[in-house]
Amino acid sequence: MDFEKGVARVSASIVLFFNRIVRLPFSPYKTMRAIARDDDMIQLVLIFMSIGGYFYIADTLRQYAYHPLLLFGLTIMHFLLTVGFFALLRMVTTNEKEIPIKSALLIFAYALIPTLVWFMVNSWLYFILPPPRTVSFLGKGFSILYISFSIAILIWKVITMYLAVRLVTRFTFFRIVYSMLLYIACMIPYSLFLYSLRLFRIPFL
Amino acid sequence: MNQKYPSSSTDKLDAELDRIFDLKPNDLSFPFLTNMYKFFTHPLKSLPLLYIVPISFFGAVLMYLLFGHMVIRFVSLLQYGF
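Keeping their order, the protein sequence lines are chains A and B.
Counting from 652, one number per residue, gives the positions in the first sequence under our numbering.
Counting from 1127, one number per residue, gives the positions in the second sequence under our numbering.
Simulated from the structure, these hints should not be mistaken for lab results.
None of the values given here were measured: they were computed from a predicted structure.
All C-beta atoms, glycine included, are put in the ideal place defined by N, C-alpha and C.
Any given hint could be a false lead.
[Unchecked claim] Here are the simulated distance ranges between beta carbons:
1) A:735 x B:1163: 27 to 35 Å
2) A:657 x B:1155: 46 to 54 Å
3) A:662 x B:1155: 45 to 53 Å
4) B:1164 x A:716: 44 to 52 Å
5) B:1171 x A:839: 26 to 34 Å
Whenever a hint applies, use it, and build me the whole structure from the sequences.
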């Protein structure tokens, strides 16, 4: 009976996971608010399995300097630091002693989806159409499409990240802007340090 | 999965009101700024792709018109880098 319940729970989480990923670009606000009321850790595991899968696939498509497991471990650490940063900011500014950390983890994990999509598409494009791009008509066309796709993903990422910070911290617009600036200020030295180790993919995930 | 599944219509209404007022609306202190914020964020709440896709396409074309072949080199750099 417990096994059946477990299977049903995992199946429901898988359906919810795909449903939310599909809905995220079409109605990010409604989807993120629905996620904010959830604390299902199976979905968090599914998101991180996708990220781990990406690292392994990307490593197969082109050899990277570091093992995918190391990159995956650093991504998890970076993710936990990000969630911790905003959770701490909420606790400090609102004097709240408890915050729903499971929900916060899930919201920020879904905010990783746009970047994950970009990295996956980028790896496949590297495999299908390896660089360098040329100044031919097709080269120019591909470059414009690639840049427009990247800008679209960037806007999607900004929307989901803004919503994640808003739903976790409950801050208003200006506070979110200030907290994001503070976050970026903390991230710059950390990113430069990782860049010096040739681990520059991590901060973007 | 701690979402509530209310039975009666009053419970449903309470749950819906809780859900709506769970997050306070954004107030930017000045009515003009608040209205501008609502004006720009309202279209992004549902089906933002309708705005994102044309904006990103025109943005990419504008980048190409402004920077020319540097954009092509930038694409190669992005593909090599990530």
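Results for each hint:
Between residue 735 (chain A) and residue 1163 (chain B) the Cβ separation comes to about 28 Å, which falls inside the hinted range of 27 to 35 Å. In this structure the hint that residue 657 (chain A) and residue 1155 (chain B) lie 46 to 54 Å apart at CB holds, the actual value being about 50 Å. Against the hinted window of 45 to 53 Å, the Cβ-Cβ separation of residue 662 (chain A) and residue 1155 (chain B) comes to about 47 Å, which satisfies the hint. Remark: the range hint 44 to 52 Å for residue 1164 (chain B) to residue 716 (chain A) is upheld by a beta-carbon distance near 47 Å.
Checked against the hint of 26 to 34 Å, the pair residue 1171 (chain B) and residue 839 (chain A) passes, with Cβ atoms roughly 31 Å apart.
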